[in-house]
Amino acid sequence: MEYRLGEEKDLDQICELVSGAIENMEAHGIHQWDEFYPLREDFAEDISKQTLYVVYEGEELIALYVISDESDEAYQSAVWENPDGTAYILHRFCVSPKVQNRGIGKQLLLHIEQQVKAMGYESIRLDTFVENPFAQRLYRHNGYEPRGYADWRKGRFDLMEKKL
1 MEYRLGEEKD
11 LDQICELVSG
21 AIENMEAHGI
31 HQWDEFYPLR
41 EDFAEDISKQ
51 TLYVVYEGEE
61 LIALYVISDE
71 SDEAYQSAVW
81 ENPDGTAYIL
91 HRFCVSPKVQ
101 NRGIGKQLLL
111 HIEQQVKAMG
121 YESIRLDTFV
131 ENPFAQRLYR
141 HNGYEPRGYA
151 DWRKGRFDLM
161 EKKL
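Residue 1 is where the sequence shown starts when you use our numbering, and the numbers rise one by one after that.
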């Protein structure tokens, strides 16, 4: 697998990957992402900020993620283990349905954790839709613990953290 910063040339494949992921989630009754979020513009902005990473297997985009210090104000309501300034946030984590159930999600999380730790952060925070059992299981089985919740347009999301 090749990990690198996303570039504008990746946008079409990013949108295809996300579209496939949305179809897959909806087929499982998970209505988390839709025509309003995430948008091509969100990914273009992530690319311009150099916070979006792509993962390729050969010529095929198989995953993407965003890591940054930005978070929604709802994150302030959580009871975090680490104080502010020592955590980085994982956003828009997406693995292609074509490669799911091969342990890729776990491999990616381990890579992201090493990447964030090498950047000097002590923990990773994220939010995950409570009605997405696949994401819930992935994060919980890999040491992420709930620290609070946020209620957004699509419903409730667990605010989670893992100390590195």
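Quick caveat, the hints were computed from the structure, so don't treat them as lab data.
This structure is a prediction, so every number in the text was calculated from the model and none was measured.
Do not take every clue at face value.
[As the list claims (entries may be wrong)] Simulated pairs of lysine-lysine, DSSO-like, Cα-Cα distance not exceeding 27 angstroms:
id, residue 1, residue 2
1, K106, K117
2, K162, K106
3, K154, K9
4, K163, K117
5, K98, K163
6, K117, K154
7, K162, K9
8, K117, K49
9, K106, K163
10, K49, K9
11, K49, K162
12, K106, K49
13, K106, K154
[As the list claims (entries may be wrong)] Listed next, with one range per pair, are the computed distances between beta-carbon atoms:
id, residue 1, residue 2, range
14, E8, V79, 22 to 30 angstroms
15, E73, E2, 34 to 42 angstroms
16, Y149, D34, 18 to 26 angstroms
Backbone N, C-alpha and C fix where the C-beta goes; we use that ideal spot for every residue, glycine too.
Each hint tested on the structure:
About 16 angstroms separates the Cα atoms of K106 and K117, which keeps this hinted pair within 27 angstroms; it holds. Restraint check for K162 and K106: the C-alpha separation of about 14 angstroms stays at or below 27 angstroms, so the hint holds. At roughly 30 angstroms between alpha-carbon atoms, K154 and K9 are farther apart than 27 angstroms, so this suggested pair is violated. Under the criterion of a C-alpha separation no larger than 27 angstroms, the hint pairing K163 with K117 is consistent with the structure, at around 10 angstroms.
For the suggested pair K98 and K163, the alpha carbons sit about 30 angstroms apart, so the restraint of at most 27 angstroms is broken. As the CA atoms of K117 and K154 are separated by approximately 31 angstroms, the hinted pair breaks the 27 angstroms bound. With a CA separation close to 33 angstroms, the supplied pair K162 and K9 exceeds the 27 angstroms bound. Of the pairs offered as hints, the one joining K117 and K49 holds, with about 20 angstroms between alpha carbons and a cut-off of 27 angstroms not exceeded.
Taking the CA atoms of K106 and K163, the gap is about 16 angstroms. The hint holds against a cut of 27 angstroms. A C-alpha spacing of about 15 angstroms is found between K49 and K9, which places the hinted pair at or below 27 angstroms, so the restraint holds. Taken as a hint, the K49 and K162 pair is honoured in the structure, with Cα atoms around 24 angstroms apart against an allowance of 27 angstroms. A C-alpha spacing of about 26 angstroms is found between K106 and K49, which places the hinted pair at or below 27 angstroms, so the restraint holds.
Between the alpha carbons of K106 and K154 the distance comes to roughly 25 angstroms, so the proposed pair stays at or under 27 angstroms and holds. Checked against the hint of 22 to 30 angstroms, the pair E8 and V79 fails, with Cβ atoms roughly 39 angstroms apart. Checked against the given bound of 34 to 42 angstroms, the beta carbons of E73 and E2, roughly 35 angstroms apart, stay inside it. The hint said 18 to 26 angstroms for the Cβ distance between Y149 and D34, and at roughly 20 angstroms that hint holds.
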